[in-house]
Each structure stands twice: as C-alpha cells, then as structure tokens.
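Asker: Sequence:
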Amino acid sequence: MQNEFHEQVATAEKRLRSLFPPTPLQRNDFLSARYGADIYLKREDLSPVRSYKIRGAFNAIVKALDAGNTGPFVCASAGNHAQGVAYACAHFGVQAVIYMPVTTPRQKVHKTESFGGKNAEIRLEGDYFDETLRAAQTYCAEAGAVFVPPFDSPEVIEGQATAAAEVMAQMPEDEHIDMMVLPVGGGGLAAGVTRYLADSGIDFRFVEPKGGPSLRTSLEAGELVTLPKVDSFVDGAAVARIGERNFAALENIPPEHVLIAPEDRICATMIEMLNIEGVVLEPAGALAIDGLRDIGDIAGKTVVAVVSGGNFDFERLPDVKERALRWAGLKKYFILQMPQRPGALKDFLNILGPRDDITRFEYLKKSARNFGSVLIGIETREPDGFARIEAEMAAHGFAFEDITNNATLANFII
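Going left to right, the sequence shown walks through residues 2 to 415 as the working numbering numbers them.
Don't take each hint at face value.
With a straight-line Cα cutoff of 20 Å, these simulated SDA-like cross-link-like pairs (lysine to any residue) come out [to be verified]:
1) 109 to 132
2) 333 to 377
3) 230 to 96
4) 302 to 393
5) 347 to 393
6) 15 to 29
7) 64 to 246
8) 64 to 92
9) 322 to 347
10) 347 to 337
11) 109 to 131
12) 109 to 246
13) 230 to 201
14) 322 to 361
Derived Cβ-Cβ restraints for the label pairs, each shown as a range [unchecked claim]:
15) 15 to 277: 35 to 41 Å
16) 230 to 374: 53 to 59 Å
17) 359 to 318: 19 to 25 Å
18) 359 to 320: 15 to 21 Å
19) 388 to 138: 49 to 55 Å
20) 360 to 155: 49 to 55 Å
21) 395 to 114: 52 to 58 Å
22) 223 to 317: 20 to 26 Å
Please keep in mind that the hints were generated in silico from the structure rather than gathered at the bench. Ideal Cβ positions, reconstructed from N, Cα and C, are used throughout, including at glycine.
Using the sequences provided together with the hints, build the complete structure.
Answerer: Put into structure tokens, the structure is as follows:
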C-alpha cells in the first residue's frame, strides 16, 4: 500500500509540473539562529495561487477528467481552495462554479476571478460557510456537477502529499530531517505528508489555531468531534471538524504533538516575518513558524516548517499589528476613573514616560458625579512598561480596569 501511494504521488507530482515548478525549500538564517537549529521553510506561499491548496485541487480535477468527467467542477471556499480550483480549471479549459460566502472580501473574489478568467463563475451565497457549502452541494446534485472537496478526499490528500515528495528531493544530501512542522485545518496536508513520510523516521508536530483546535480536541476525545464554536481569524485553518479520512490518518498522533497557537501570537509572527524577512504570510500561513515557539529544545536539529499560504489582505494589517502588540504586552486598554478636580489629567499624564504613547482617549463626564470615565489606549516600547504604569496609577489613587483581554468589551469598543 505504501509503495502504491508513493507511485500515485509521484504521478501526481509529475503532472503538477505542467502548472508550476517545485516551490522552494529554503534554509532560514533568522529562525535557525533563534532556535540554534537548521530551520528550513517549504515556501508554499510561492505557488501560483500562494498556497498549497492548488496541489489537491489539481489532482482531484485531473483524476476526474481521467475518469471521463468534464465538469463543471464545483467548490465552496472563501479563499485558497477556490483559487486553486479556478486556476486548475483555467489550465484545463473546463468550467468551474465557485461558491463563496457573501461576506468574502472583494480582494479574494477578484483574485479568484482573475485566476479562473472565463472558466470560472463566482456565486456569492450564504452569510456563513455552512450555508455556502449547502448551496454548492445542492447545485452539484441538481446539475450533475463534480464537487471538489477542500480536504476530505483521497485525491486531495494525494495531491497535498506532493509537497513532501518535493521536500525529500530538495534537501541537501548531507542533511537528515529530524522534524517536520505542519499546519492543520481540515487535515488534508497533514494526512498526505505524514502518510508519504511514514517510513522516514521523521518526527512530526502539528499546529492548530487556538480558536479552532479540531484535531487536538478529537484526539483527546478519541473520536471525531465537531467544535461548537470557531474563531474565524485564522480563516485558512479555522475548521470546526477535521475531515473523516484525515482524522483516520492522524488518529494515532499523541495529542501533545498538536500544538495550539494563540491568534494574537500568530499576528506577532506575521509581523516579525514581514519586518525581518520580507515574507508576507496570511494567518494560516504563519502557523508552522509560530508553532516552533512551543516545540521545546530543537537545538542542533534539522526542522522543516511548511509555510502554507501568503494570501494576505493588507486591509487587515492594522488589526494584525494591534493584536501583535497586545500579545507582546506592549499595548493595553483601560477604563480609567478620572477625579473631577483641577490638575487630575496633568497628574495622570505625568505618570507616562518618554517611551509611552496614548493611542486612544475618550472621555465621558456625567453630571452630578465626582469623576469621569476615560477609555484610554496606551502603547509602550518597554517590556515592563505596564507594570510601572499600573503601579503609578494605583499610587496616585486612580481607579482603573484593564479591559485588554476582555473579548466582549474589546471587540465592541476597540
């Protein structure tokens, strides 16, 4: 079975070369120095659609064509999978019908349209992905079309495994991979890569966003679990239920080998890679790099991290920067009770140092009260800056509440 799978992946990889050359495998000096290891990045963000999703989409479509199915080919996606399907259908000159949520950013819609050209019809239906998926599947049943799953499909798993085949061919001959770090959403990439490398002796770690740990939760329960709620910030990996075939391939993984990445910390990794390395990553694309923080001692080891996507809408950059600063402890929001006496505001301002900055200030005074409420945002460049600021506020008798990590208040007013 393993030999057969390797042969299938080899065939898929050979056919994939009609679309694009292998994505680069690059040693990253910055990360290697940080961890005292040889860190290689598999740059799936440099594929034609800036993610690995094109691999599985292409393989599923080409196998359907081999079987005599000429389409139309249908998918439901708000991003990378849609672009992969559109690109592959344009390549083969067949029709794609792509369902996307009404709430999909126009940038992603336009990008999918540009990849598919005259071969892609975009249909915006549903406020949420589940509604979009139902619409796509209903159309398939009525029109006799071919549905291209985003991750839970043998053909898709086989296609994603081509990334592993490329890595093994690209590694320097004198290097042995000790560990591979993989992002997990629906599980297609993880299932394909681990199956392909099952006899390699490589150790694996998997990284999920904190707001969508479907694999970790299922492993801990010993069965497939559907998460009751998912944080969609890491939209390329925020999946409520990992694919059934994919979970079957991963169900023997120790739960502790699935690392959980907080969304705010992922933002810090994105900003760091952009500022230091000039690498543009989407939140899901940063998962494997961010997971390196939690692996433990990897000094002296050779580690490959799969960079799974670079479809980042720069309109999100202010939010990403905000969240990165909050994770680093360099930005906080307070509700401050300002006494109604002359000089109170000046006393407060004197607390702030030369490396502290007020980024937001909203004051509300109601009559017949001896204090006014202030919503204040403060940014500092000192790691211990807020310990000093809070101690000074308390010493001066200012009542305050830190609302930075109050999700309800933060989402409403920040």
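Asker: The structure should be examined with respect to each hint, and the outcome stated for every one.
Answerer: Cross-check of the supplied hints:
1. For the hint linking residue 109 to residue 132, the alpha-carbon distance of about 18 Å falls within 20 Å, and the restraint holds.
2. Between the alpha carbons of residue 333 and residue 377 the distance comes to roughly 8 Å, so the proposed pair stays at or under 20 Å and holds.
3. Proximity of residue 230 to residue 96 is assessed by CA-CA distance (about 34 Å); at most 20 Å being required, the pair is judged violated.
4. For a cut-off of 20 Å, the pair hint linking residue 302 to residue 393 is broken: about 46 Å separates their Cα positions.
5. A threshold of 20 Å between alpha carbons decides the hint, and for residue 347 with residue 393 the separation of about 14 Å falls inside it, so the pair holds.
6. Restraint check for residue 15 and residue 29: the C-alpha separation of about 27 Å exceeds 20 Å, so the hint is violated.
7. At most 20 Å may separate the alpha-carbon atoms for a hinted pair to count; residue 64 and residue 246 meet this at roughly 18 Å.
8. As the CA atoms of residue 64 and residue 92 are separated by approximately 14 Å, the hinted pair is consistent with the 20 Å bound.
9. A hinted pair counts as satisfied when its Cα atoms are at most 20 Å apart, and residue 322 with residue 347 does not qualify at roughly 30 Å.
10. For the given pair, residue 347 sits about 14 Å from residue 337 by alpha-carbon distance, which is consistent with the 20 Å threshold.
11. Of the supplied pair hints, the one linking residue 109 and residue 131 holds, its CA atoms being roughly 18 Å apart against a limit of 20 Å.
12. Simply put, residue 109 and residue 246 have alpha-carbon atoms about 28 Å apart, too far for the 20 Å limit, and the pair is violated.
13. Between residue 230 and residue 201 the CA atoms are separated by roughly 36 Å; this puts the pair beyond 20 Å, and the hint is violated.
14. With a C-alpha separation of about 15 Å, the suggested pair residue 322 and residue 361 falls inside the 20 Å cut-off, and the hint holds.
15. Look at residue 15 against residue 277: about 36 Å separates their beta carbons, and that is inside 35 to 41 Å.
16. Taking the beta carbon of each, residue 230 and residue 374 are about 31 Å apart, not inside 53 to 59 Å as hinted.
17. For residue 359 and residue 318, the Cβ-Cβ distance of about 22 Å falls inside the hinted range of 19 to 25 Å, so the restraint holds.
18. Between residue 359 and residue 320 the beta carbons are some 20 Å apart, a value that agrees with the proposed interval 15 to 21 Å.
19. Between residue 388 and residue 138 the Cβ separation comes to about 54 Å, which falls inside the hinted range of 49 to 55 Å.
20. For residue 360 and residue 155, the hinted distance range of 49 to 55 Å is satisfied, since their beta carbons lie about 51 Å from each other.
21. The hinted range of 52 to 58 Å is satisfied by residue 395 and residue 114, whose Cβ atoms lie roughly 56 Å apart.
22. A C-beta distance of roughly 37 Å is found between residue 223 and residue 317, which places it outside the suggested range of 20 to 26 Å.
Hint compliance for this structure: hints 3, 4, 6, 9, 12, 13, 16 and 22 are broken, all remaining hints hold.
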